[in-house]
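Enquirer: Spelled out from the first residue to the last, the chains are:
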Amino acid sequence: MFKELDPILHSQLRLAVMSLLLSVKEAEFTFIREKTNATAGNLSVQVQKLKEAGYIDVVKEFKDNYPNTKCHITPVGIKAFEEYVKALQEYLKVGQPKL
Amino acid sequence: MVLAQGGARKEPLHNLHFANNALQIKIRPGFAGLILQLLCCMEKNEKGFSPEESLLLIESMINKAKDRFGEDGHLYILWGWLVLIGSVTEFVLFHYFQYEKHYLVWSVSWVLLAYQIYYLVAKYRRQKVRTYTAHIIGYVWLTFVILAFLIGFLNGRLSGDSRYFYHIFPLLLALYGMPVFLSGVIIRFRPLVIGGICCWVLSVIATFLPYDYQMLMLSVAMVVAWLIPGYLLRAKFKQEKTK
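Those protein sequence lines, which keep their order, are chains B and R. Everything in the first sequence is counted per our numbering, starting at 206 for the first residue and increasing by one. Everything in the second sequence is counted per our numbering, starting at 355 for the first residue and increasing by one.
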């Protein structure tokens, strides 16, 4: 029986954001936007969904008098990501041709 | 769902035929394109996203987040030159002029320290992303600064005489090796690793030399551990930037 893929993570943009944040300590919203090539609006919605799921923390602050948003992955997010990758591996194992 | 283009008008209309042909809608091309794009995106995002595509996406994002070579060697070069000039000047003052307060030459390092704090704060504010590598290296250098002050203090307290500073160069050389070696290991940059090891070798050599020549070991350490790796780091940084 296959594990169900986490619907929060099984979306291209949300998965891209999580993969990025997993590799760095923290990243600004503009950095994530540059790397994912997403629009600010779409990214904002997806970041909010990840935040609501408790997978990332979002800190809003001011930098040189301009609002600045910083994100970092939470332990819950790391666990969810690990589970997601495990589930993917199971799918791929079954998909491979038997030698 | 099939998309066909009408050709009768100047601005052609799109016909959206549904599978059973029960419904046929005529809409302008821009709008049809937008709807189709949205439908495709939704499908791609939520349904047609295979496990293979997921893994490829994860891999590509991790590669994008990988540390581009973020170290330009600026501080290595700056401190390298300052300590090199300082140690040679101190040697000349002590060896040729027997000037008693030869150590005063190091007062200038407070100015550079103030500049370094300003530089690091500005760099921190400019950065859009903080990597684990930079975070760990920051703490390695902080440990080095704390230990450098501690060694100066402990050496003075434990030696107990007025010539306590006679042991300081071999101790500092041994200490210099630590952050250079660790930084090299963390950012996988061999010249720094070699530089760190050279500092340790020079610290042992320094114990066999008279005090004034120990100062010159510090000059050699600055060239092999800070200046050469610093310029190589700068070259690599520029190379990565142009890619």
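Derived by calculation from the structure, the hints in this document are not laboratory data. Among the clues, some could well be false.
[Claimed, not checked] Distance windows between CB atoms, simulated: (1) Phe267/B - Glu406/R: 26 to 32 Å; (2) Glu406/R - Glu239/B: 48 to 54 Å; (3) Gly246/B - Trp460/R: 18 to 24 Å.
[Said to hold, decoys possible] Some, not all, of what chain B presents toward chain R, calculated at C-beta under 10 Å: (4) Ser216; (5) Glu231; (6) Lys265; (7) Lys268; (8) Phe286.
Everything numeric in this text was worked out from a predicted model, so none of it was measured. For every residue, glycine included, the Cβ atom is placed at its ideal position computed from N, Cα and C.
Enquirer: Does each hint hold? Answer for all of them.
Expert: Hints, verified against the model:
The hint said 26 to 32 Å for the Cβ distance between Phe267/B and Glu406/R, and at roughly 42 Å that hint is violated. Judged by the Cβ atoms, the range 48 to 54 Å given for Glu406/R and Glu239/B is violated: they are separated by roughly 26 Å. Restraint check, Gly246/B to Trp460/R: a C-beta distance of roughly 56 Å breaks the suggested window 18 to 24 Å. With a least beta-carbon distance of about 5 Å to chain R, the hint placing Ser216/B at the interface is held under the 10 Å criterion.
Taking 10 Å as the C-beta contact cut-off toward chain R, the hint placing Glu231/B at the interface holds, the least distance being around 5 Å. At its closest, the beta carbon of Lys265/B sits 15 Å from a beta carbon of chain R; the interface hint therefore is violated under the 10 Å criterion. Using the Cβ-Cβ criterion of 10 Å, the hint placing Lys268/B at the interface with chain R is satisfied: the shortest such distance is roughly 7 Å. Because the beta carbon of Phe286/B sits about 9 Å from the nearest beta carbon in chain R, less than 10 Å, this interface hint is met.
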